[in-house]
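Student: In case you want the letters, here they are:
2 protein chains.
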Amino acid sequence: MSKKQNKEGLNVKKQENFSEWYTQVLEKAEVVDLRYNVKGFEVIRPWGAMIIEIMFKLYEEELKKQGHKPVIFPTLIPEENFKKESSHVKGFTPEVFWLQKTQGDNKLALRPTSETAFYQMYALWIRSHRDLPLKLYQRANIFRYDTKATRPLIRAREFHWIEAHNCFATKKQAESQVQEDIGMTETIMHQKFGIYFLAMKRPKWDKFAGAEYTICSDVLMPDGKFIQQPSTHLLGQHFSKAFNVKFKDESGKEDYVWQTCYGPGISRMLASVISVHGDDDGLIMPFCISPVQVIIIPIFNKENKNKILKEAEKINEKIKSFGLKTEIDAGEKRPGEKYHEWELKGVPFRLEIGERELKEKKLTLFTRDTKTKENIQIKNLSEIKKLGQEFDERLKIKADKFIKGKIINCETKQKIKDTIKNKKIARINFCSVDRHGEKCAEFIEKELGAEVRGVLANKREKAKGKCVICGKTAKEIVYVGRGY
Amino acid sequence: MSKKQNKEGLNVKKQENFSEWYTQVLEKAEVVDLRYNVKGFEVIRPWGAMIIEIMFKLYEEELKKQGHKPVIFPTLIPEENFKKESSHVKGFTPEVFWLQKTQGDNKLALRPTSETAFYQMYALWIRSHRDLPLKLYQRANIFRYDTKATRPLIRAREFHWIEAHNCFATKKQAESQVQEDIGMTETIMHQKFGIYFLAMKRPKWDKFAGAEYTICSDVLMPDGKFIQQPSTHLLGQHFSKAFNVKFKDESGKEDYVWQTCYGPGISRMLASVISVHGDDDGLIMPFCISPVQVIIIPIFNKENKNKILKEAEKINEKIKSFGLKTEIDAGEKRPGEKYHEWELKGVPFRLEIGERELKEKKLTLFTRDTKTKENIQIKNLSEIKKLGQEFDERLKIKADKFIKGKIINCETKQKIKDTIKNKKIARINFCSVDRHGEKCAEFIEKELGAEVRGVLANKREKAKGKCVICGKTAKEIVYVGRGY
Chain H
29 MSKKQNKEGL
39 NVKKQENFSE
49 WYTQVLEKAE
59 VVDLRYNVKG
69 FEVIRPWGAM
79 IIEIMFKLYE
89 EELKKQGHKP
99 VIFPTLIPEE
109 NFKKESSHVK
119 GFTPEVFWLQ
129 KTQGDNKLAL
139 RPTSETAFYQ
149 MYALWIRSHR
159 DLPLKLYQRA
169 NIFRYDTKAT
179 RPLIRAREFH
189 WIEAHNCFAT
199 KKQAESQVQE
209 DIGMTETIMH
219 QKFGIYFLAM
229 KRPKWDKFAG
239 AEYTICSDVL
249 MPDGKFIQQP
259 STHLLGQHFS
269 KAFNVKFKDE
279 SGKEDYVWQT
289 CYGPGISRML
299 ASVISVHGDD
309 DGLIMPFCIS
319 PVQVIIIPIF
329 NKENKNKILK
339 EAEKINEKIK
349 SFGLKTEIDA
359 GEKRPGEKYH
369 EWELKGVPFR
379 LEIGERELKE
389 KKLTLFTRDT
399 KTKENIQIKN
409 LSEIKKLGQE
419 FDERLKIKAD
429 KFIKGKIINC
439 ETKQKIKDTI
449 KNKKIARINF
459 CSVDRHGEKC
469 AEFIEKELGA
479 EVRGVLANKR
489 EKAKGKCVIC
499 GKTAKEIVYV
509 GRGY
Chain S
29 MSKKQNKEGL
39 NVKKQENFSE
49 WYTQVLEKAE
59 VVDLRYNVKG
69 FEVIRPWGAM
79 IIEIMFKLYE
89 EELKKQGHKP
99 VIFPTLIPEE
109 NFKKESSHVK
119 GFTPEVFWLQ
129 KTQGDNKLAL
139 RPTSETAFYQ
149 MYALWIRSHR
159 DLPLKLYQRA
169 NIFRYDTKAT
179 RPLIRAREFH
189 WIEAHNCFAT
199 KKQAESQVQE
209 DIGMTETIMH
219 QKFGIYFLAM
229 KRPKWDKFAG
239 AEYTICSDVL
249 MPDGKFIQQP
259 STHLLGQHFS
269 KAFNVKFKDE
279 SGKEDYVWQT
289 CYGPGISRML
299 ASVISVHGDD
309 DGLIMPFCIS
319 PVQVIIIPIF
329 NKENKNKILK
339 EAEKINEKIK
349 SFGLKTEIDA
359 GEKRPGEKYH
369 EWELKGVPFR
379 LEIGERELKE
389 KKLTLFTRDT
399 KTKENIQIKN
409 LSEIKKLGQE
419 FDERLKIKAD
429 KFIKGKIINC
439 ETKQKIKDTI
449 KNKKIARINF
459 CSVDRHGEKC
469 AEFIEKELGA
479 EVRGVLANKR
489 EKAKGKCVIC
499 GKTAKEIVYV
509 GRGY
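Chains H and S supply the protein sequences, listed in that same order.
The opening residue of the first sequence carries number 29 in this note's numbering; numbering runs sequentially from there.
The opening residue of the second sequence carries number 29 in this note's numbering; numbering runs sequentially from there.
Derived by calculation from the structure, the hints in this document are not laboratory data.
The reader is advised that the hints may include incorrect statements.
No copy is singled out in the list; a pair is fine if it fits within one copy or between any two copies.
Straight-line distance between alpha carbons at most 16 angstroms, and here's what the computed EDC-like set of lysine to aspartate or glutamate pairs gives [stated by the list, open to error]: (1) K434 with D251; (2) K163 with E473; (3) K97 with D446; (4) K135 with D357; (5) K353 with E89; (6) K97 with E355; (7) K93 with E355; (8) K387 with E44.
Let the sequences and hints guide you as you build the complete structure.
Tutor: Structure below.
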């Protein structure tokens, strides 16, 4: 976009046209540029790249804390690897980018996910129960030739994620890893990034290709649609049997390992952060992931420019010494323009430093989410750290509230239809999330324009009564909503 | 490799068979696994991945310090982009992996480098002198279908690097960026990683495809061959003209920007770190990039196991509190086996904690490079930080010394031949590094088995006399050696 556009700010309200708001904020806050000349591929500009870098860092730290180690696998996977797990190859083949043959007869794919790359190596690395648990992850770019309409950060054909691939001696250990994964989504995506989610165990027909079951974190976007965030899969022994990943237990008995995998999509998570927290003035970045936490705007004229800039530099160093990310915007633009640009970028705090502020030894502090201005004494600048935590807490509480009152118990098809139309989530009695319920799910998709997202994964809800669709005895309570 | 192999350690001396030593140390220290089923593609195991992660971090911090910002570009580049700069397309086409056509008529490549992806966007982003300098970098995986024999980390078909792409208003600014780039190689690769290099301005026939000139950092490997480490290129206005990257100066006059690019290959740099510092017992990791800086080995029997482990945990926490990376190896193996494994992995320091050590309140400290054991009092453990700096300083001095006496002035072809045979570098009078000298370079390559690597880039050396090859007046002093 041209600099001129940028100055103009957003010309659409988030509530009135979320889709247009989203595209505009990505462009005008310089998060993403959509003009790259390959369809579905985007350029992530410095502001977006810096945020993604911090998000990766926080996620990787948490993975390490939970006993994972990093690894780097090739991007290319031979077709023969895919073919080893039959439901996996069926699920992913339509979305794969293939290379022109260069290396003999091996047909090579750009990884859409890396189970089939990792597990042939796991078969070589794992021998005994002493090699377990094996918990490895990689930070990677992956490729899916999604045939649906692409959307920046949400449904791009190349995206940036973490994939963790774990092996255990028992099913019980693997299942507790699945819970640990949901816990990580809670710790990082919800507690840190402020993104509320429903942990949904997907119906059988919608699980990951090759898994026993899949638990996704569904985030409700401002337009009332669900976006799927990190999912964790109990792979069971499907892949370990296909790739011959065996271990000897203490008694010397051989068995296949039990596996899980977990995939936080960092670029996609950024889409939720932007969508959930932003407002009509642009982004609102959580303090913990903003590349600039405090922007300092010096207010000067020709006469006092040097003096003011010198003081701004002192303030800058002082705030940096508290471990905060801060920057001075010393450019030639007018202060008002600078205010506007940094609000668009969502920087949590702005400090204004001018002649008056220096005289009174207190600065003007602007807070992005509340849009309030207050005075802060120079000697109290270390308080910004605490204010930053409060900032993130406010964002989280506000985001949590968004889903309140949006989950509607529906006893009839018409009520489901109305609920979906009102951009809400229908909670219904449902026959079964085994394959027996697939027909009812198809009915919901075709006739009511929504999807059965699954049953709550971290709370057992007991169904009473009959399936709203087919009238048979309901075995489950499921959540129904539109999806991206 | 199996655990069994691992225990056996290296069975070859570095000096006797460097090539075999290198392969063994990569496998046995679990840096890389070469059994991935696509030729030229390797799996980087946790120990290697953790080192690479730290190397990236140090490099990226330095780039940011020098005013660069990160960006993330697509991996796929359309053929039409390559074709815009004629020498670039000629240079890279033979090495490109192409995708099967999926998206209309666009023939897509896996990036072998990203000039042609970046600069079409630069044409959109740069308008005025106020947008300059533009200094962006990305951390990326790139792909080159190298037809030479592949070698792990050194010549893999996918590798991991940083590429910085900068734009300036004047040629002078661009040239000073090239010097800044050499400075970064010095600051990080030499001062931190301890890898000595010659900054070589390449002959005209050997410059980067599309550059005015190329300066590479040539590192001498233990087998007497040069490996090319980070190179920096003055691209001039070749690409800005091809991609129409223009700016308006203060007077409103339009001109093409001046460009540079710089490419530190992190996985390849790890190859040098391993090769230069390692010894017959395995890796020796510089303290500043070792994922574990201090390994704690508890020495216990059944009776005192709990007590010793508890004390080890205390020591571990204490050392962590100094900001050091430390770990306890509490496994069931015998201490001797553990010593051996961590020496193989190159961990700088080992602390042994047993009954005797606790009684005397001093631990046994083993230092990897000198293989010395000494006592350290528990109250003095913070000294390890200083010892770590000294460790790195020793590695650097030792590596620096390796090239001493290896640069031989050669006045005859025979002497060049002998010098190369002795795994040394010939310094010779040479007619010209312009295209006029290409024939002499070809002679050197075919008849003497070596390459003209270029002239010193950071020191002007004046040639006197005649070209050793053709006898014409020598314009330059060049360095000749074998290359990877």
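Student: Work down the list of hints and note, for each, if the structure agrees.
Tutor: Cross-check of the supplied hints:
{"no.": "1", "hint": "K434 with D251", "in the structure": "within (12 angstroms within a copy, 69 angstroms between copies)"}
{"no.": "2", "hint": "K163 with E473", "in the structure": "neither (37 angstroms within a copy, 49 angstroms between copies)"}
{"no.": "3", "hint": "K97 with D446", "in the structure": "neither (47 angstroms within a copy, 48 angstroms between copies)"}
{"no.": "4", "hint": "K135 with D357", "in the structure": "neither (52 angstroms within a copy, 43 angstroms between copies)"}
{"no.": "5", "hint": "K353 with E89", "in the structure": "between (19 angstroms within a copy, 14 angstroms between copies)"}
{"no.": "6", "hint": "K97 with E355", "in the structure": "between (34 angstroms within a copy, 14 angstroms between copies)"}
{"no.": "7", "hint": "K93 with E355", "in the structure": "between (31 angstroms within a copy, 13 angstroms between copies)"}
{"no.": "8", "hint": "K387 with E44", "in the structure": "neither (45 angstroms within a copy, 73 angstroms between copies)"}
In the structure shown, a violation is registered for the earlier hints numbered 2, 3, 4 and 8, in ascending order.
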